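Participant: So the chains spell out like this:
There are 4 protein chains.
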Amino acid sequence: MGQRFLQLLNGHPWFEVVEVMASDQSAGRSYAEAVGSRWKLTTAIPDSVASLRVKGPRAPLRAHLLFSALDASVAGGLEEEYARAGHLVSSNARNHRMNPLVPLVIPEVNRDHMELLERQAYSNGGGLVTNPNCSAIVIAMALAPLHHSFGIEAAIATTFQATSGAGYPGVPSLDILGNVIPFVSGEEPKIESETLKILGRLGPKGVEAADFPVSALCHRVPVIDGHLVALIVKLGRRATEKEILAAWRSFRPLRKLELPSAPLDPIDARTEDDRPQPRLDVDRAGGMGLTVGRLRRCPVLDWKFEALGHNTIRGAAGAAILNAEILVRDGRA
Amino acid sequence: MGQRFLQLLNGHPWFEVVEVMASDQSAGRSYAEAVGSRWKLTTAIPDSVASLRVKGPRAPLRAHLLFSALDASVAGGLEEEYARAGHLVSSNARNHRMNPLVPLVIPEVNRDHMELLERQAYSNGGGLVTNPNCSAIVIAMALAPLHHSFGIEAAIATTFQATSGAGYPGVPSLDILGNVIPFVSGEEPKIESETLKILGRLGPKGVEAADFPVSALCHRVPVIDGHLVALIVKLGRRATEKEILAAWRSFRPLRKLELPSAPLDPIDARTEDDRPQPRLDVDRAGGMGLTVGRLRRCPVLDWKFEALGHNTIRGAAGAAILNAEILVRDGRA
Amino acid sequence: MGQRFLQLLNGHPWFEVVEVMASDQSAGRSYAEAVGSRWKLTTAIPDSVASLRVKGPRAPLRAHLLFSALDASVAGGLEEEYARAGHLVSSNARNHRMNPLVPLVIPEVNRDHMELLERQAYSNGGGLVTNPNCSAIVIAMALAPLHHSFGIEAAIATTFQATSGAGYPGVPSLDILGNVIPFVSGEEPKIESETLKILGRLGPKGVEAADFPVSALCHRVPVIDGHLVALIVKLGRRATEKEILAAWRSFRPLRKLELPSAPLDPIDARTEDDRPQPRLDVDRAGGMGLTVGRLRRCPVLDWKFEALGHNTIRGAAGAAILNAEILVRDGRA
Amino acid sequence: MGQRFLQLLNGHPWFEVVEVMASDQSAGRSYAEAVGSRWKLTTAIPDSVASLRVKGPRAPLRAHLLFSALDASVAGGLEEEYARAGHLVSSNARNHRMNPLVPLVIPEVNRDHMELLERQAYSNGGGLVTNPNCSAIVIAMALAPLHHSFGIEAAIATTFQATSGAGYPGVPSLDILGNVIPFVSGEEPKIESETLKILGRLGPKGVEAADFPVSALCHRVPVIDGHLVALIVKLGRRATEKEILAAWRSFRPLRKLELPSAPLDPIDARTEDDRPQPRLDVDRAGGMGLTVGRLRRCPVLDWKFEALGHNTIRGAAGAAILNAEILVRDGRA
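The listed protein sequences correspond, in order, to chains B, L, F and E. Residues 1 to 333 in our numbering are what the first sequence lists, from first letter to last. Residues 1 to 333 in our numbering are what the second sequence lists, from first letter to last. Residues 1 to 333 in our numbering are what the third sequence lists, from first letter to last. Residues 1 to 333 in our numbering are what the fourth sequence lists, from first letter to last.
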């Protein structure tokens, strides 16, 4: 995931990568040496980053804003230490997501949750912000306009998840070539809880989660990039197909803010029979756009449809960067 | 699909392939010539079939029992003609499946529906029997023990369908390599209606469909053989995990009949985290076994789980052959 | 292939698409209607093209320069008709490639062959120019610097070809998922003859093909875009690894011409163990760059190495566009 | 690879698995526990093996005949220790393959090399036998009949290797989905040396390798099982297509020995345009059969063709078992 951060931050109009922190094994080497042949993106390592000397865990850092792609096994403590040291950490790690005082934010959906930063115990500008799990982002973004317009009373999400979500080396090819694995470790509970926190409201004790049941069924499929999700919803009030499409298409809350990573149209609602598809639609809006489609009535709940998002851009590195952008725009970073 | 019929009937202890009927273009050539390089199974064309002279549509046939893998564009009329001529047709085509007087049968589930044969208008031993759509078979078999034991009040099925289900040439590689297509033409209505007919009861006017809503969300994935289905059910009465597993595991209604194609254990209920998987489990019991697993509670309905079956064996040719076997055992063929 | 032309010509600084010709079935409809769901690129149909009314075969066209992605079954005659009518046709079809008076050109390699246009029988600015087969381009580009520097005495090319080369629907998924097909219809003779024509010289009777044996072994692999070729060469004189790398790296004959589609570095010669790879390297330089690597001595001939190019960009539509650009630069269009 | 051994030995008419040795981590647990979810074959763990208590390295073993699927990092020393202790070791590990006193055998090709056992320093029935690398077996088997009939003067082998050859977890899915990797670590030298030892002759100092150059170009492709090899040969004397096909088809040196794992027809020489293919042909003769095809003249050397074999059956576990069978038949085990 660190690779995506560096790729997306390369040439970013607001942010510049001035230092890189990684494990003790990598510390002291140039980034290019440290990553070696594990660089798996189709663009080259940005020149400005390749020669940066990698710092080790807990090394003092000079940037105020930090992006964390740390592994969950170490992210919890390290991120807190840096927040305590006065850094504002935009993290993609799962450790603090469900902490009621830590914002779990998709800027288009719950930008106001960033106010939690003011309630955190850190001083000197320190703070902790998180973005959701790669599947939860797709689901929460697709549901948000429906929740706001009609209320959601129940949601079921069956995922078709790309292998890049598991990192490198990640999923062995023997497990996934010509196959589907009906299991992604830890994923279903994350989706079921994070989605409700994102769609929740600020209350006196932090975020009050939205109050409807979410059920997730997670699967890994032989796709490199792009999480497709088959969604079914029960709505609080009747809605027509036209109203639902309109809710998605008019969902452009950040448009006037001119954030570098925010797509003009966060949600593209398509009406063909067979879209969205990962191969054709995953890179829409530089991987920051969500695509929904196949809206049709459900005999059990109310409506069923498909949603697709890029799991390592909109669902991870791009999400953390967009969170940082909204923090800047709102004067918090 | 005709290829699978010939492969599975090769060496069958009860049936022998004595003639093959195909389109006018193929008529008059040996089967081996007619199929040419379109034979796509990993076993060779059976010797006994390779040299059979292919007959054209409407050619008189001498076998009483016919297996139909005809394309739906012609199956409707041709199958009726042969039934009128005194043949008993076990068809994999969709055309007559929803006719209330035509049995739509999975022998383990609704063997009694074969009684409809006695109500059909054909004389001289003529008749029409069908097996369900390849996805509907997987779904109906997985649901049947639950419906019998606990009653089903709603079911949602999200499919991960193999490309062999679309025949040859079928799905273009550009559409499916590294991709998922959230659409299989005509599939969702078939699943939603056929499942209920299979789980229905014989009544005075034919089959009375089971009375609960079924919702299907169909997807094509880059898998050669094996339809995986993520299922969610609402049950008529409370059931524990143990009771559900027991319902599946004790579902062996044909065991004493010693049908050549019926597996000893039609349903294998597994308890690992990550099974069933198409690549590992599709060929269980010669492709006639269903595998279920990943049973867990659902926050929206009651239970969720996964089911897997071989789409061209249990889901098509093997299904039609098993139907013929039960007809023989029950003295109807 | 027509789709790639339209995608690459969208926003082209020199060329503008003003009309589209296709089959009689498509004629009269807007391009967007005519192509429908067969548009398989990850970018949308360019707006300026979507609404163009498609013309039928032999319709009068007003542009001087035509790009032909016609199917070989009709390209032969149609292209000649348009050349006779005064159009300059840059064709990706195979029909006229081996005609000794028709240039078969990779601008970096044999730009001078364009002089053949002056010997063609067409008047009023009419003419016919072709680009090589998608595999032959990769092979000829990789060999050209070696041929110029050291002379080539024999070359063997084993291909790993992407499925997009076969068009749409093209290769059935049942043939290629988890598989390799050791056959691409008509491909080996094309490679063996086109490579030698490209590396040949202008003579009194047209192009005199280079005089060394080329052997091609063609395979289709489950890759969407990017032809990888394992190459073995026998050289006319001794060369060191360093000299060969230098020959490739200094191969930049078009650099000063500032052609819109010509990469600054046509050949990227890499020295890692495991490059080039289709997934990582195919899009280098907008799909117009060739990547070579894995140079090592061969116990049978002299050297072995790998070459990779984008089969529908550098190997087809981009090739035809680059041919048109050099024609413009050289005052021929 | 140990898994394939156990699968293939299950129900073997001559051999019975009485004990299993693995690493210290596994020692003391039942085999089923030790392998856990890493069992990746489509058949279940054999019952007779599942409950065997795994022994640790150097544990005394009671069987005379041992099959070694040890990792090369430990196989060297351990196999020697067991040979010294009087065990006859049939090894799939690479460590001792090129030792001139250790037979490197494909029974159909160089059964006589087993005589080297008599020259080894082990007493009490101890000895060491190896089978070739998974690619080298395919290549040597395909070449052997040509070498015997016509003499080979040079051979070039470009491989398309399945991922199962790299074990589990082995090749990461991110590296191979929709991709080709032009590198398999250590593979090219193994092919180039092992092939010549296999085709060599017994001499006073052990095996004298055959004396012609072999060049290998190795690639990993997204295929689960089956190494396809594109081969080019220069022959010592002229041969017609008919003679070459006859050389392959008459190559049945073990036919009368009735070895359980030896196919009746070790080499199937096909004449279609597009065979062999991994998906269709890999399992011929239980994975022990080689399939060749696409024989055609080569403009550079003499002939080119394709060969395919199952890399973990004929190319590994099945190879070691067949070696043991020939040792039994020849009275050496």
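One thing to keep in mind: the hints can contain errors.
Here are the simulated lysine-lysine pairs, DSBU-like style, with alpha carbons at most 35 Å apart [unchecked claim]:
#, chain 1, residue 1, chain 2, residue 2
1, F, LYS234, F, LYS256
2, E, LYS190, F, LYS190
3, L, LYS40, B, LYS234
4, F, LYS242, E, LYS190
5, E, LYS55, L, LYS40
6, F, LYS40, L, LYS190
Coverage of chain E stretches by chain F, computed from C-beta distances (three or more under 8 Å per stretch; other residues unrestricted) [to be verified]:
#, stretch
7, 221-231
8, 268-280
If you are wondering where the hints come from, they were derived from the structure by calculation, not from laboratory data. The structure presented is a predicted model; accordingly, all values stated were derived computationally and were not measured. For each residue, glycine too, the CB sits at the ideal point set by N, CA and C.
Participant: Could you run down the list of hints and mark each one as holding or not?
Facilitator: Hints, one by one, checked against the model:
no., hint, result
1, F:LYS234 with F:LYS256, "holds, 32 Å"
2, E:LYS190 with F:LYS190, "holds, 34 Å"
3, L:LYS40 with B:LYS234, "violated, 44 Å"
4, F:LYS242 with E:LYS190, "holds, 26 Å"
5, E:LYS55 with L:LYS40, "violated, 44 Å"
6, F:LYS40 with L:LYS190, "holds, 28 Å"
7, 221-231, "holds (count 6)"
8, 268-280, "holds (count 8)"
Consistency note: the structure conflicts with the earlier hints numbered 3 and 5.
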